[in-house]
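Trainee: Knowing the structure of chain A, use the given hints to seat chains B, C and D on it.
Chains as they are written, first to last, in the working numbering: chain A, -5 to 267; chain B, -5 to 267; chain C, -5 to 267; chain D, -5 to 267.
These are calculated hints, taken from the structure and not from any lab test. Where a beta carbon is used, it is the ideal one built from N, C-alpha and C, also for glycine. Each hint should be verified, as a subset may be incorrect.
Stretch-level coverage of chain A by chain B, calculated; a stretch enters the list once three of its residues show a Cβ under 8 angstroms from a Cβ in chain B [what the hints assert, rightly or not]:
id : stretch
1  : 107 to 117
2  : 152 to 164
As a list, the in silico DSSO-like pairs of lysine-lysine whose alpha-carbon atoms are at most 30 angstroms apart [to be verified]:
id : chain 1 : residue 1 : chain 2 : residue 2
3  : D       : 216       : B       : 209
4  : B       : 124       : B       : 216
5  : A       : 124       : D       : 209
6  : C       : 32        : D       : 32
Short, incomplete list of chain A residues facing chain B, as computed with Cβ under 7 angstroms [said to hold, decoys possible]:
id : residue
7  : 38
8  : 58
9  : 85
10 : 121
11 : 123
12 : 178
13 : 179
There are 4 protein chains.
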Amino acid sequence: MSNDECIGSAPFDWIIIAMSSLDTVFQDLVIANRILAKEDVVDAYGHVSVRHPDDPSCFLIARSLAPELVAGDDIVELGLDGQPVGDEKRTLYLERFIHAAIFEARPDVMAVVHAHAEDTLAFGIASATKLRPVIHSGSFIGTEVPVWDIADNFGDTNLLVTNMEQGRDLAKCLGSNNVALMRGHGFASAGRSLIEVVRMSVYLPRNARTLMRAKQLGGTIKYLSQGEINARNRGYSPYSTETWRAWEYWASKAGCGDMLTRPDDVRSRVPEA
Amino acid sequence: MSNDECIGSAPFDWIIIAMSSLDTVFQDLVIANRILAKEDVVDAYGHVSVRHPDDPSCFLIARSLAPELVAGDDIVELGLDGQPVGDEKRTLYLERFIHAAIFEARPDVMAVVHAHAEDTLAFGIASATKLRPVIHSGSFIGTEVPVWDIADNFGDTNLLVTNMEQGRDLAKCLGSNNVALMRGHGFASAGRSLIEVVRMSVYLPRNARTLMRAKQLGGTIKYLSQGEINARNRGYSPYSTETWRAWEYWASKAGCGDMLTRPDDVRSRVPEA
Amino acid sequence: MSNDECIGSAPFDWIIIAMSSLDTVFQDLVIANRILAKEDVVDAYGHVSVRHPDDPSCFLIARSLAPELVAGDDIVELGLDGQPVGDEKRTLYLERFIHAAIFEARPDVMAVVHAHAEDTLAFGIASATKLRPVIHSGSFIGTEVPVWDIADNFGDTNLLVTNMEQGRDLAKCLGSNNVALMRGHGFASAGRSLIEVVRMSVYLPRNARTLMRAKQLGGTIKYLSQGEINARNRGYSPYSTETWRAWEYWASKAGCGDMLTRPDDVRSRVPEA
Amino acid sequence: MSNDECIGSAPFDWIIIAMSSLDTVFQDLVIANRILAKEDVVDAYGHVSVRHPDDPSCFLIARSLAPELVAGDDIVELGLDGQPVGDEKRTLYLERFIHAAIFEARPDVMAVVHAHAEDTLAFGIASATKLRPVIHSGSFIGTEVPVWDIADNFGDTNLLVTNMEQGRDLAKCLGSNNVALMRGHGFASAGRSLIEVVRMSVYLPRNARTLMRAKQLGGTIKYLSQGEINARNRGYSPYSTETWRAWEYWASKAGCGDMLTRPDDVRSRVPEA
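If we strip away everything but chain A, and leave its shape as in the complex, we get (with noise of 0.2 angstroms):
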């Protein structure tokens, strides 16, 4: 994924969403919220934002709230430097300038999650060991995960990324990667739909504890190799029956396999051309 990857040169996976309801896209972060609790990513913290598909300089996302409790009305639409469209009077996520400046910063970025996943954590503290990935499933976190210190530019902080300035910091940090580590606090991740990100953040920690395990049994370590990671990249499609798969599964363990809005229905909801 490059910056190259921009809306004007959107596959056609993209063009579906971006034709679908606002109801679907409603729909599908309130399953991404569910999913990313069920798997053990988030818990009372971290969110999950997906960008506007009629509108690229605005994006979603839930209010401040646990991500399993999400609905549907929980969600609000927020400008790219993280303040309310609209009239919103709700209290939202003191963090969500994490996902402003991404999508501020990455015109080809669809969806953004930060999150605290217990088993990244290690990765941001411990200087000897780079998180790469080492399974084919952890492969869309990408060649290089870097790692973002609030410390560096800001000092003693809460570690929190309460603004824009901050929020851009670790924008840059991330570059044209997919996955930025953030040092005692957690990770973002940046994708091309929700799904993807989804899907990323779910073997995100996967990829960590195989690593930290190999570590332990000791000798070599056969990390991905760059072609293969690309050969990944350029297979990946979101809505793909592979990707689908993942996506309707970990739906139905979450509880709402009844939200699922399948590939197939978008495409007949969108008018003939």
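Mentor: Chains B, C and D in isolation, oriented as in the chain A frame:
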């Protein structure tokens, strides 16, 4: 948090709790019991207490019962000597003196947890690694986490804190800190509110696991700085939206979301002065 | 616990159980099966037995069935040779000889568990670290936990204990201890009551994990002293409020809280003498 | 297990399955899918197949669907080239060639699992520790567990086995063994019956974890001897009471205990000859 933050200088949040009805405190204590059980901080053993909202010389705690099974009428009222205030015939926790002695020594403390959470235990018995905050959610355990060894002053015991003398020795070791590990046994944590002490007790094992894994990954480990710990303490408020979000989520997971009293409900119940 | 504590010198608690109706023992054995399954001590394999309350020369154990599925009418009565006492046509556990041989060798033992609890297995195959009590709840495994290797006296087998000769070899290795690890296989534990042996079997893996993690943290490890182990044994009573609290909690978690017979129910059922 | 145990010399147990109705095989395959999901061997990905009971030149496997969601009418019939036997319009697993190639190379194999069970992954990428049986329930993985690296013969791929050439390369690496690890991806296991391959796949990660922990405890590790592995294989029968006990238990845990066909039901259904 220091001893200076005694009741006389209690912040606004605490005033609210102090003025709330006793019923709400009972209900919150039941919720705290269920959350600690669901989040694997306690099992059949371990307990949580809260200082009496109307009388700082006594505290509320369940009778001898597994926390998951505690209901409102299982709560008893004990004095700072660990003995029942009224005519109480039911069996009490053997280790209620942990709570009594900490409430006695620390007027700033409003709630106490004692538990055996598994992932804290190794830090009480291995000499090479000190437990310290490495993740932002672990900051509330404070800069220093002393390890109390009952054998130092009491020789060979069954390791339980079964009288005031032992409880006071533990409280002395705790000093003005928020958590003390108890060698070969568990930990005691002390907070400015029930929500704070529950939250600290849930994130304590997570912080412990992260540090353990970081040690395995190797190299230099970045701990939270003193300035970061301070910044987080300054920003903490037990009834902020952010703190409430976790309490609400955990209560919901523990199956007692219907027992929640929202802080604004409390506020509306406070007679206008 | 030593061989001196034989039936003749049984403490008051045991008298109660001995006088309780056979129905209660059957029900408690069903509860024990369910608890061990729920707490991940057994899976499809592993079993628990109790000496017959009226006849010390035989014991009760389920027919060949996964412990979670055991109900009252799955319980069979076997002699100390591991053979059915009555006319029993149902298939029996291949490894019932573990129980038979321990009951035969140890008149003080009233209940036996054999299981493959995962976190005990590594201690049976790695030579560098001996399993010993490091936490107070693990004290009941006793000062020494011998490792029995079936290969020492029986060469290449399928590792199962399928006759009295093998069972007696294991019982000999167990000696007057409470637990023996079985190399590449699991463990056998022996207690003075069903509640005691279940509790010991639940906390054995927890003690093992704590020791494993302490080894990773490094430095000197503080084990429980002999004096502490003795102090805990002296204070132990299977029908104390504290012990009952765990049994009640685990039964409730395992979905069979309704099958519990409270000790005072037992007492009230004992004919007044 | 060796190639000598081909269909012609199938033991009695297999005859029974072969004579059982196709319905029973379909139902058992659904159960196998559900068990593997419940026991965390597969998630959205991974699959299990069984050779057709009436025609060894084809096999049964689900259409592209998460194993937990598989029902009877999701099962399709594929030939040993991995292509559908009949007119099948539904999307198939991309990696069905793993199954096809193993069934083609190994007439003795009646069932195959491919999965990404997390705790096996580290052994595919760390060079210092070989996966070998250390616990009796892990004996069926066999003396040697080869590691197949798709990069050796196919260079940079997306790591998936998507054609017969790749499948045959994997099957060649598997040889006459029961399990091959797939570097950075997962494993393939092959058994003489559906029950056997499911059981092996459930205990494979447990054996891996035990070995990992033993490495951490340090010192010499006692692996199962070749004689012990042989003794266990000799005693194994997929429809013995002991094996059935696990299948029944796992099916019950996975919520499909009602779909079980007891071996004696099968026997009674076999026409008397």
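Trainee: Against each hint, give a clear statement of whether it holds in the structure.
Mentor: Status of the hints after comparison with the structure:
1. Using a Cβ-Cβ cut-off of 8 angstroms, 6 residues of the stretch 107 to 117 of chain A lie near chain B, which meets the minimum of three, so the contact claim holds.
2. Taking a C-beta to C-beta cut-off of 8 angstroms, the stretch 152 to 164 of chain A contributes 3 residues in contact with chain B, enough for the three needed, and the coverage statement holds.
3. This hinted pair checks out: residue 216 (chain D) and residue 209 (chain B) have alpha carbons roughly 27 angstroms apart, not beyond 30 angstroms.
4. The hinted pair formed by residue 124 (chain B) and residue 216 (chain B) meets the criterion: a straight-line CA distance of about 13 angstroms does not exceed 30 angstroms.
5. Using a Cα cut-off of 30 angstroms, the hinted pair residue 124 (chain A) and residue 209 (chain D) holds, with the two alpha carbons roughly 23 angstroms apart.
6. Pair hint residue 32 (chain C) plus residue 32 (chain D) holds up; C-alpha atoms about 15 angstroms apart against a cutoff of 30 angstroms.
7. Annotation: residue 38 (chain A) was flagged as interfacial toward chain B, and the flag holds, the nearest CB pair being 4 angstroms apart, inside 7 angstroms.
8. The beta carbon of residue 58 (chain A) comes within 5 angstroms of a beta carbon in chain B, closer than 7 angstroms, and the hint placing it at the interface holds.
9. The restraint placing residue 85 (chain A) at the interface with chain B holds, with a minimum CB-CB distance near 4 angstroms, inside the 7 angstroms limit.
10. For residue 121 (chain A), the suggested interface contact is upheld, since its CB lies about 4 angstroms from the closest CB of chain B, less than 7 angstroms.
11. Look at residue 123 (chain A): its Cβ gets to within about 4 angstroms of chain B, closer than 7 angstroms, so that hint holds up.
12. A distance limit of 7 angstroms between C-beta atoms decides the matter here; for residue 178 (chain A) the minimum to chain B is near 5 angstroms, and the interface restraint holds.
13. Hint on residue 179 (chain A) holds. Least Cβ distance to chain B is approximately 5 angstroms, under the 7 angstroms limit.
Of the numbered hints given earlier, the model fails none.
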